[in-house]
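Participant: Sequence:
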Amino acid sequence: MSDFRVRFAPSPTGEPHVGNIRTAIFDWLLAQRHGGDFIVRVEDTDRARAVDGAVEVIIEALKWLGLEWNEGPDIGGEYAPYKQSERLPLYAKYAERLIASGFAYKCYCSPERLIKVRKERSKQQNTTGYDRRCRNLTGEERNALELELRARGENPVIRFKMPLDGTTTIDDLVRGEVTFENRLVDDFVMLKSDGYPTYHLAHLVDDHEMRITHVLRGEEWLPSVPRHLQLYAALGWKPPQFAHLPIILAPDRSKLSKRHGATSLLEYREMGYLPHTMVNFLTLLGWSLDDKTELFSTDSLIANFSIERVSKAGAIFNTEKLDWMNGHYIREMSTNELADALLNFWQAYPPPEIPSLPSHELALEIVPLVQERMKTLRDAAPLVAFLFKERIEYEPDELIQRRMDVASTHMCLEAAHDGLTNLPAFNAESIEALLRGMVKEIDVKAGQLFGSLRVATTGQRVAPPLFESLEVLGRERSLALIADARDRLDVATAAHK
RNA sequence: GGCGCAUUCGUCUAGCGGCCAAGGACACCGCCCUCUCAAGGCGGAGACCACGGGUUCGAAUCCCGUAUGCGCUACCA
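Under the numbering used here, the first residue of the first sequence carries the number 246, and numbering increases by one thereafter.
Keep in mind the hints are simulated off the structure, nothing from the lab. Some hints here could point you the wrong way.
As the list claims (entries may be wrong) - No more than 25 Å apart at the CA atoms, straight line, and that leaves these computed lysine-lysine pairs for PhoX-like: (1) Lys620 to Lys537; (2) Lys308 to Lys566; (3) Lys483 to Lys361; (4) Lys361 to Lys406; (5) Lys566 to Lys500; (6) Lys566 to Lys503; (7) Lys503 to Lys308; (8) Lys406 to Lys368; (9) Lys328 to Lys483; (10) Lys351 to Lys364; (11) Lys620 to Lys566.
Unchecked claim - Beta-carbon label-pair distances, calculated as ranges: (12) Glu465 to Arg428: 20 to 26 Å; (13) Leu333 to Arg618: 51 to 57 Å; (14) Ala548 to Leu333: 36 to 42 Å; (15) Glu357 to Thr424: 33 to 39 Å; (16) Thr738 to Lys537: 56 to 62 Å; (17) Arg498 to Asn400: 39 to 45 Å; (18) Lys690 to Lys500: 51 to 57 Å; (19) Ala293 to Lys500: 19 to 25 Å; (20) Asp585 to Val296: 30 to 36 Å; (21) Gly506 to Arg636: 20 to 26 Å; (22) Arg733 to Lys500: 50 to 56 Å; (23) Asp585 to Tyr477: 48 to 54 Å; (24) Asn427 to Lys500: 41 to 47 Å; (25) Thr383 to Glu465: 37 to 43 Å.
Backbone N, C-alpha and C fix where the C-beta goes; we use that ideal spot for every residue, glycine too.
Make the full structure from the sequences, and use the hints.
Facilitator: The following block contains the structure:
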């Protein structure tokens with residue numbers, strides 16, 4: 246068996262949050278780095294918050310990123326099942342064992358009483374929220390309460406007896422030693438009245454049963470560590486190593502949430518980010534190799550990742566840097582790779598600019614036009630919208646460039662039309678040679694001629710390079726557009742007079 | 001309120017006692033290149049290392065306190 250068994254344990258309560266996904270990436274990286282196992286386990290112990298289809302969405306997100314697991318709910322494994330809702334008897338068994346060994350007790354307090362007690366105690370310096378009433382019940386009292394509860398068709402919960410004195414210390418992989426006072430920790434609920442375990446019991450039992458060696462999780466779990474360590478001790482089990490990761494923050498330094506924009510990893514896919522960008526970027530949010538390396542291939546991430554270099558402070562999710570990195574990786578793709586990526590993206594999320602999915606051949610021609618102008622896959626369609634329009638729209642005035650007038654613009658369009666009509670080969674190279682020569686002949690600036698033609702053929706002031714665009718447009722279409730521009734110019738001028 | 005964690009350019013970070021009058025990246029500004037937009041190249045501005053005390057010959061780096069931010073304080077994870 247491998248020395249490293251690391252698990253990602255999402256609870257299916259909605260879309261996969263980038264913070265959780267970052268944890269999954271770290272888990273995966275750690276397992277890969279040490280040739281260990283990566284396990285996915287679904288923590289669906291909260292029936293009230295369960296969301297249909299959430300497991301599938303989470304799995305889809307992990308697959309999109311290219312993280313592969315050795316054991317999980319979809320593929321099974323030696324320690325199946327990998328859904329906590331299918332392991333209920335196991336948790337009940339350990340909860341009962343803990344009662345028998347004196348480390349736990351049944352609690353009969355009503356939710357109403359708990360709320361009331363918590364409210365009263367919160368005013369005092371005394372800090373636990375629960376007063377441990379049921380911890381010290383006599384046998385008779387216990388029997389009476391049990392009967393009373395059962396008569397109403399309800400069940401008690403099972404609480405863990407926290408030590409009333411002493412301290413618990415964890416040696417966290419990223420934060421070092423942290424000590425907590427036991428008396429300030431509540432007798433937490435391990436088994437709920439519906440028979441489901443709480444996170445505290447469930448994750449711990451499963452981590453032990455599944456022989457997990459390293460637990461990576463958000464730092465919001467740090468305050469729960471004394472509970473877990475005491476539970477391990479009560480069960481006589483050796484705890485795994487813990488690493489509490491810094492959280493991902495929004496620009497205002499609060500926890501990243503919906504109101505700050507996209508939080509689901511899949512939303513980033515929809516916005517046109519590449520999976521590798523997300524892996525690279527998210528890894529850098531909380532980890533760094535040195536003082537200069539930022540761009541990592543997946544292999545070098547695996548080769549270099551270590552928990553020792555995980556930072557302690559929370560990091561703000563910086564969209565601008567994400568954009569830069571995505572643009573970088575888009576530029577690094579081969580023409581063929583980008584064409585495929587674009588086609589897949591357009592198929593999944595049809596852009597308004599493109600009426601129907603282009604052929605692979607056309608995609609191959611489009612890529613050079615847009616590749617170095619893109620930050621996300623979404624940026625491509627608007628740039629080449631002119632290729633798909635029946636009729637392009639623009640104000641005739643836009644044809645007239647700086648220090649030009651109607652007459653000179655008309656002359657430019659006319660000359661270009663004639664020249665392109667007679668050009669032997671209609672490709673970017675010869676188009677450029679022709680038009681550049683023309684600039685000298687008719688005595689205008691390159692920017693003036695090209696600018697007019699750009700508006701005439703694309704309807705846009707900002708567009709991909711002219712010569713290449715004309716080539717993709719084709720001779721026939723280019724000539725028609727230029728002729729049309731000339732006519733529009735004439736009509737507009739006539740209307741003015 | 002209690003407990004815990006954190007604190008280096010706007011942002012992500014390097015730094016683990018002298019190599020730091022603090023390095024890199026994104027963003028920003030300028031120049032170059034250039035058919036627009038980009039991309040790319042070069043350069044610039046930007047952090048008295050939260051603050052205050054120590055320890056030390058010497059501190060961004062170690063210790064203590066304060067402040068601020070965040071997290072936890074559920075029969076949620």
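Participant: Given the hint of 56 to 62 Å, is the C-beta distance from Thr738 to Lys537 inside that range or not?
Facilitator: holds (59 Å)
Participant: For the range 37 to 43 Å, tell me whether the beta carbons of Thr383 and Glu465 fit it or not.
Facilitator: The hinted range 37 to 43 Å holds for Thr383 and Glu465, with Cβ atoms some 38 Å apart.
Participant: Quick check: does the Cβ-Cβ distance between Gly506 and Arg636 fall within 20 to 26 Å?
Facilitator: At roughly 36 Å between Cβ atoms, Arg636 and Gly506 fall outside 20 to 26 Å, so the hint is violated.
Participant: Is it true that Leu333 and Arg618 lie within 51 to 57 Å of each other by Cβ?
Facilitator: holds (55 Å)
Participant: Is it true that Ala293 and Lys500 lie within 19 to 25 Å of each other by Cβ?
Facilitator: Check passed, 22 Å falls within 19 to 25 Å.
Participant: Using the beta carbons of Glu465 and Arg428, state whether their distance is inside 20 to 26 Å or not.
Facilitator: holds (22 Å)
Participant: Verify the CB-CB distance for Glu357 and Thr424 against the hinted window 33 to 39 Å.
Facilitator: Check passed, 35 Å falls within 33 to 39 Å.
Participant: Quick one, are Lys406 and Lys368 close enough, alpha carbons at most 25 Å?
Facilitator: The given pair, whose Cα atoms are some 23 Å apart, holds under the 25 Å limit.
Participant: Confirm or reject the claim that Asp585 and Tyr477 have a C-beta distance inside 48 to 54 Å.
Facilitator: holds (49 Å)
Participant: Verify the proposed pairing of Lys361 with Lys406, using a straight-line Cα cut of 25 Å.
Facilitator: holds (21 Å)
Participant: Is the hinted pair Lys566 and Lys503 satisfied, with a Cα-Cα distance of at most 25 Å?
Facilitator: Measuring from Cα to Cα gives roughly 20 Å; hence the hint holds.
Participant: Hey, Lys308 versus Lys566, does the alpha-carbon distance stay inside 25 Å?
Facilitator: holds (24 Å)
Violated hints, in rising order: 3, 21, 24; the structure is consistent with all others.
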